[in-house]
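> If you read the sequence shown in this note's numbering, its first letter stands for residue 260, the second for the next number, and so on.
No lab work stands behind these hints, which were simulated from the structure alone.
Where a beta carbon is used, it is the ideal one built from N, C-alpha and C, also for glycine.
Wrong hints could be hidden among the right ones.
As the list claims (entries may be wrong) - Simulated restraints on C-beta separations:
no. : residue 1 : residue 2 : range
1   : Trp346    : Leu396    : 16 to 22 Å
2   : Gly375    : Glu284    : 33 to 39 Å
3   : Ser303    : Leu405    : 15 to 21 Å
4   : Glu372    : Ser263    : 19 to 25 Å
5   : Pro273    : Ser402    : 34 to 40 Å
6   : Val404    : Gly353    : 25 to 31 Å
7   : Glu279    : Arg400    : 30 to 36 Å
8   : Ser402    : Lys361    : 26 to 32 Å
9   : Gly353    : Gly302    : 31 to 37 Å
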Amino acid sequence: FHGSVDGWESGFLPGPLIPEGRCPEGTGWMLFSEGGGEAEGYGSFSFTAEHCSRVVAPIPGGAQGKMAAGVMVLDFGEGDILTLGYWGSWKYIGDLDTGEGKAKAQQSYEVLEGAGIFEGAKGHGSMNGVFDFHRVLFDIRGSLVLG
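My request is simple: use the sequences and hints to build the entire structure.
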């Protein structure tokens, strides 16, 4: 499976407002994104995504952190939906208070479920990309075995 995601960050939820049990302990915030993309052999899709995130350590000019409990839904239309669970790490160069800067993220994913042509799908892989608290660009690569 190979696809690309082009979207934007559509929401932010600070740690104290996250519903109990949704994120691992120590989560600083939830980040939401949406947009579109293209997958080789499957065509275009829309997507929504959300994940829990936290700072692990400050670095010169920014911070590095972890993301967990991520869920990305790829909707190819006509009932063909692929749902991925993801987790990983990020490195941000910029000002976390203002959001001025860019982050690089390295994530792993696992297929959680599918519908339509993706019913019974299994697979895993990586999602790597950049975001800047506005735009989200990712490359998705891995295995996909249809059920």
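> Run every hint past the structure and note whether it holds.
For each hint, the structure was consulted:
Between Trp346 and Leu396, the C-beta spacing of about 19 Å keeps the proposed range 16 to 22 Å intact. Taking 33 to 39 Å as the suggested C-beta distance range, the pair Gly375 and Glu284 conforms, at roughly 36 Å. Distance hint check for Ser303 and Leu405: the Cβ-Cβ separation is about 19 Å, which falls inside the suggested range of 15 to 21 Å. Separation of Glu372 from Ser263 is about 22 Å and conforms to the stated range, judged on CB atoms against 19 to 25 Å.
Checked against the given bound of 34 to 40 Å, the beta carbons of Pro273 and Ser402, roughly 36 Å apart, stay inside it. Between Val404 and Gly353 the C-beta distance comes to about 39 Å, which lies outside the given range of 25 to 31 Å. Distance hint check: the CB atoms of Glu279 and Arg400 are about 35 Å apart, consistent with the given range 30 to 36 Å. Roughly 29 Å separates the CB atoms of Ser402 and Lys361, a value that falls within the hinted 26 to 32 Å.
Distance hint check for Gly353 and Gly302: the Cβ-Cβ separation is about 35 Å, which falls inside the suggested range of 31 to 37 Å.
The structure is inconsistent with hint 6 alone, although it conforms to all the rest.
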